[in-house]
Structures are given as structure tokens and as C-alpha cells.
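Novice: Now for the letters of each chain:
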Amino acid sequence: MDFIDPHLHMVSRTTDDYETLARMGCVAISEPAFWAGFDRGSADGFRDYFEQLTAVEPKRAAQFGIQHHCWLCINAKEAENVSLSREVIAMIPEFLDRPGVLGIGEIGLNKNTKNEATVFLEHLDLAIEHDQLILIHTPHLEDKYQGTRMILDMLCDDSRINPDRVLVDHVEEHTIGEVLDRGFWAGMTLYPVTKCTPDRAADMIERFGGERLLANSAGDWGVSKPTAVPDLIYQMRRRGCDESLIRRVVHDNPSEFFAKSGKFAAPVR
Amino acid sequence: MKSRSAETILDESYLETRAKLLEVAAILDRIDRANGEGGRLPGDAAKRREQLTQAINILLTDSADRAEQIQQLFSREYDPDWRATFGLLPEHASNSAPQSRES
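If you read the protein sequences in the order shown, they are chains H and L. Last residue of the first sequence: 269 in our numbering, with the numbers rising by one and none dropped. Last residue of the second sequence: 103 in our numbering, with the numbers rising by one and none dropped.
For reference, chain H alone in the conformation it holds in the complex (with noise of 0.2 Å):
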């Protein structure tokens, strides 16, 4: 089956692990923004990061019939740091119109402090003036549902903010409901030990059905998997699941989703 990951750091993989998803059937990848192990010196490190996601992943990934799209933000563990923060926020207006860029993001909280809000809210403002897609990061852990409740809040008391625009990652099972009654998009992330297993993504998806749900590797430089999405496609399949539901949330809704950005088409085979 096709299927689209809508959330994987390929600069952290190798060449290898794009043949691979295309062997297994990956169309199409979003990369968001996100931190690289180690806390950047610069915003010329990220203009240098930037440049990467935008023009040299799609050129490799491309070498496997793959689409790359990107979103670019400053990630919430180095928005610590406001200063910067606010120095490579003023810097992506200058990516936002190149042909991959899909949106904002991964922007949102990793331990909950009040500089990650105050420049998480600074990336809604600049998200609104440019007119772009949000892609949410929620923290993990013993911070998971205490993050996802703020970044709600900010998000539900912005009256700029159209929901149906905003993804927001990570969910599980004590995050996943809010996120969808409230008009949001959800993806949920197959990755081991800290987030959701394909068994209980599986779960939720019987649950709360396929509507505004989607499925992600978020494969990078740690622990993780970036085939990850087809091992859901192979659990799905055990449990008898129809193949519209399990094509709806594997390609379909990150297609419907990716193309309110105005730069996003399905590759058709």
C-alpha cells in the first residue's frame, strides 16, 4: 500500500532508509524542524539546517521516486533560549515560499517552561501573518498531558487559529481525545518505549475511527524506526481492518491535510 509518513527527520537517516521506504511503498515524507542532539550556537546554524531541509532532502529523496516536504520553526527544547528564538523566527519568512515548505512547525513544549510558551506563541503569530499550516509537538512522558493541555489552551484562546489547520503530534491515549474534539488534526507517533506502539495506535484507531487522524515514524538520530508506518499497515491488516480505513489514515488524511498548505499533491503512480 502507499503511504505517506508525515512526520520523519531524514537528515538524521541514511540514503539507505530512503530506498527502503520506497521498497515499502512511501510516496511522500513532511520533515518538521526539530532539535539535532545538541543545542545550536546560532540562527546561522539554523539558515544552514534550514537549507538542508528545503533543498537538499527533496534532491535525495527524490533519487527514490519520494516527494519531500518540510516545516521549519525553531524546535521547543532550544526555544529555551528566546533570544535566538527570536532571531530564527525572524529568518524563516525568507524559506516560506520554497516549493517544499508546508507550514510551521514542529513547534510546541518539551518541559513546559514559560520561554517555551511565550515563543511557542511568537511561532502562532508568525504561522497567522504568513498564513501557514501548524505542525505541533507535544512533550513526552510525565509532560505529555500537562504540555498538550497548555499548548491547547494557547491554541483555543487564539481566535485567528482555524483548527482545521493545526496537526498536532504525539498523542496517546490520555491526549488523543481533547486534541480531536476540538476540531484539531492528530498524529499519532510508532515510536519505541517513549511514545505509541502499532498495537495501541492500532487501538486508538478502532476507538476514535480514521477521521483527522494520521500515523508517524518520527524516525531520527535516536532510537526509532522509519518504517514504522507499514509495521501499523501490517497490524491494521491482522486485525481485519478494511483497507479504506487503513489507506484513509496511512495516505489519504496527511494528503487532505498537507494540501490545505497549497503545496501539496499526492503522487500519482
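Fair warning: there could be bad hints in the mix.
Reference listing, derived: stretches of chain L covered by chain H, where coverage requires no fewer than 3 residues with Cβ under 8 Å from a Cβ of chain H [unchecked claim]:
1) 56 to 68
2) 71 to 78
3) 81 to 90
Simulated from the structure, these hints should not be mistaken for laboratory data. Only a predicted model underlies this, so the values are computations on that prediction, with no experimental measurement involved. Even for Gly, the Cβ is constructed at its ideal location relative to N, Cα and C.
Chain H is already provided as a structure; the job is to place chain L on it using the hints.
Specialist: Chain L alone, transformed into the frame defined by chain H:
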């Protein structure tokens, strides 16, 4: 969506669940062995060990949302007044924002 019977799910999951329970049992045994007979874990470790006991107690209930309850058990508390605490009150307030479910 086609639904599987409870018996089918149990058949498919039985050995996997048995193995996971054994893993948990072995980890608790390991902690106890390292702690020695009658030994007490220090402050934070004791709290985390108690959380594991609470999670196991959730498993023993008949609730239909045990996974969500365990997630909540391991979550930091949400303060609805956090914006006032941080001094980050809304600048573009919405009167029509959807209301949150109470949890």
C-alpha cells in the same frame, strides 16, 4: 471496521501478555533482590516504585480505559491557571473556542 471476538484477541495476545507479565515480575524481583530484605528505597525511588504498584492495581480493575488511566498516573498535573502564573494572558482571545472536556 470488522471486529474480532474477545476470544480471538485473547488467543492472539495470550503468550505475548504472559511474557510481558513475566518481564514485569522479574523486574520487580530484581529491584527487591538489589534492595535486600527489609530494605527501603530512597525518597524519589520509593515514589516511583509506588507508582508502579498503583499502575498494577489499575490493571486489576474492570475499567475499559486502563491504558488511559495508567497514562494519567504517570503524568504531571495540569494547572488551568498556568497562563496567569506565567504572565502570558491571551492577546487574541476567542469567545467561540470549543470547550475542553473535563477530565
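Novice: All hints are to be evaluated individually against the structure, with a verdict given for each.
Specialist: Status of each hint after checking the structure:
no., hint, in the structure
1, 56 to 68, "holds (count 3)"
2, 71 to 78, "holds (count 7)"
3, 81 to 90, "holds (count 6)"
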